[in-house]
Amino acid sequence: MKNKRKGQATLELSVAIICLILLFVATVKIFLWLNKTMVTRQGDYERGVTGRVQASNSNATEPVQVNETQYQPLDLGL
Amino acid sequence: MKNHLQAQALLELAIFGSIIIMLIGILLNYGLRNNFQQRLQQQTYRKALAASQESGQNNKPSSVAYLQVEDKHVVNPSDTWGLGTVYPFQAQASVTKSGEGYKSPDNVNELPVLRINIQDRSVGEFTTSGFRVERDVDGDTLEKYNHIFGGTAQVCRDGVTCSADSPDNWLKVGDDGVGKRCAVAEILDPNNNLVCPDNNYIYNQIRLIDQATGQIIDYDSAVSQCRQIINTGFCKQECEKTKPKDVDNVIPDDQEINCTEVCERVMNPPNQNTNSYDSNLGGAWYCAGYSALGGGAVNNTNALQQYDFPVLDRIFSFTPLKEKSMGIQPQSTQWVQNQSSLRKTEGELGITTQDNVNYRIITEREIRSRPANAPEADYTQSQVHYNTVDVDRTKTETTSH
Chain A
1 MKNKRKGQAT LELSVAIICL ILLFVATVKI FLWLNKTMVT RQGDYERGVT
51 GRVQASNSNA TEPVQVNETQ YQPLDLGL
Chain B
1 MKNHLQAQAL LELAIFGSII IMLIGILLNY GLRNNFQQRL QQQTYRKALA
51 ASQESGQNNK PSSVAYLQVE DKHVVNPSDT WGLGTVYPFQ AQASVTKSGE
101 GYKSPDNVNE LPVLRINIQD RSVGEFTTSG FRVERDVDGD TLEKYNHIFG
151 GTAQVCRDGV TCSADSPDNW LKVGDDGVGK RCAVAEILDP NNNLVCPDNN
201 YIYNQIRLID QATGQIIDYD SAVSQCRQII NTGFCKQECE KTKPKDVDNV
251 IPDDQEINCT EVCERVMNPP NQNTNSYDSN LGGAWYCAGY SALGGGAVNN
301 TNALQQYDFP VLDRIFSFTP LKEKSMGIQP QSTQWVQNQS SLRKTEGELG
351 ITTQDNVNYR IITEREIRSR PANAPEADYT QSQVHYNTVD VDRTKTETTS
401 H
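Sequences listed follow chains A and B, in order. Using the working numbering, read the first sequence as starting at 1 and increasing by one per residue. Using the working numbering, read the second sequence as starting at 1 and increasing by one per residue.
Check the hints yourself; a few may be wrong.
One side only, chain B facing chain A, incomplete, derived with CB under 8 Å [claimed, not checked]:
1. E12
2. F16
3. G17
4. L28
5. G31
6. L32
7. N34
8. N35
9. Q38
10. R39
11. K47
12. L49
13. A50
14. E54
Worth flagging that the hints you see were computed from the coordinates, not collected in a lab. All C-beta atoms, glycine included, are put in the ideal place defined by N, C-alpha and C.
Just chain A, same shape as in the assembly (with noise of 0.2 Å):
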């Protein structure tokens, strides 16, 4: 009887583990994402067809702006 009960408490222990790992683990995954996301806002806002060069050298009166529609979806892989 006794062991039985150890087992229970064991059993709902492990779950709980497991919930807060997964919650850990999206928490992390999350956090991630959002700095890429302003690692790569940041390179385009430096680099390539919406850079500073581009901006600067062109003579529209509408601003360059970065282009965020082809930015990677938050994808927690869970």
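Since the structure of chain A is already known, use the hints to place chain B on it.
This is chain B only, laid out in the frame that chain A set:
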């Protein structure tokens, strides 16, 4: 014992789970806020960069600054619906094209402006400088005007009366045909031509570009200008800071600015001798009526002398804050409305529930500015702007029998 063990596991789950959810909240909040701020800063700078293409063209502002505000919802994982807080993000940028810096505005359309956008929509364009006309200014004193107003003085053409915004009749000081008269009796030169001794001229009308007469003015800059006009000690201190440093001794001595001499000159009142404004001469009206801060005698040679400027205080009387500013006011009001509804449908297949939440945050902001076309207005007008952020959430669940 069994209950005790169950409770321990649940407690562990509850404690560690809430810690992790709080951690998610902090990281999401941090990440999203930095993302939004970075994007807004970049977009604002690019807007200012694009606007700078127009600077230097006729009837376009000589300089454009952008102020952008965006309200963004940052989610909160601790909330069942993820409802969080609406944060205001703000960015400001100004770009001046090299080579355009020396061009000064000719008419009111060319004055530098501040464009304010809220949620990427324009809510106004405000001049940050204005033209101001003064009369009967002698050539020596003009040097002090140029020191305080950044060398922007222009002189009215001879034989006409110029208004502040008439673009055609304002000339550079050294141009032919400027309206001036000799301050003393003219004398004959060796060729029997009448000349003014020591080029001692009085200019009939001068026009200045004054930062304290725009639609949006900066309190501290206006106070600094007033102090330079009325306090010879402070004027000298600022003049020494800003005058070109002739370390290699290339500037001829007679062309070097003598700050003591320049600052001793008496501009149109209010000045170091009188604190009243004379509308016939047109001095810096916003400095009129000055007195020593806290009462007592005024010492207009002491650079540390502090003043009360009643006209400036009246203009900025709308704000109780110590840091006085125009444009978007630092204080804003947020209204939060949270409407939720639950629809429950029972049928043969089971029970279907649909939860709806409408979370609406309205932010009220006030924009303060001086009226356009009223150069000597000593009051401000208020423009109230509302911005609404809606967050809708729907959750549907079906329970089968």
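Hint-by-hint comparison with the structure:
| no. | hint | verdict |
| --- | --- | --- |
| 1 | E12 | 6 Å, holds |
| 2 | F16 | 5 Å, holds |
| 3 | G17 | 7 Å, holds |
| 4 | L28 | 6 Å, holds |
| 5 | G31 | 3 Å, holds |
| 6 | L32 | 7 Å, holds |
| 7 | N34 | 6 Å, holds |
| 8 | N35 | 6 Å, holds |
| 9 | Q38 | 6 Å, holds |
| 10 | R39 | 7 Å, holds |
| 11 | K47 | 5 Å, holds |
| 12 | L49 | 6 Å, holds |
| 13 | A50 | 4 Å, holds |
| 14 | E54 | 6 Å, holds |
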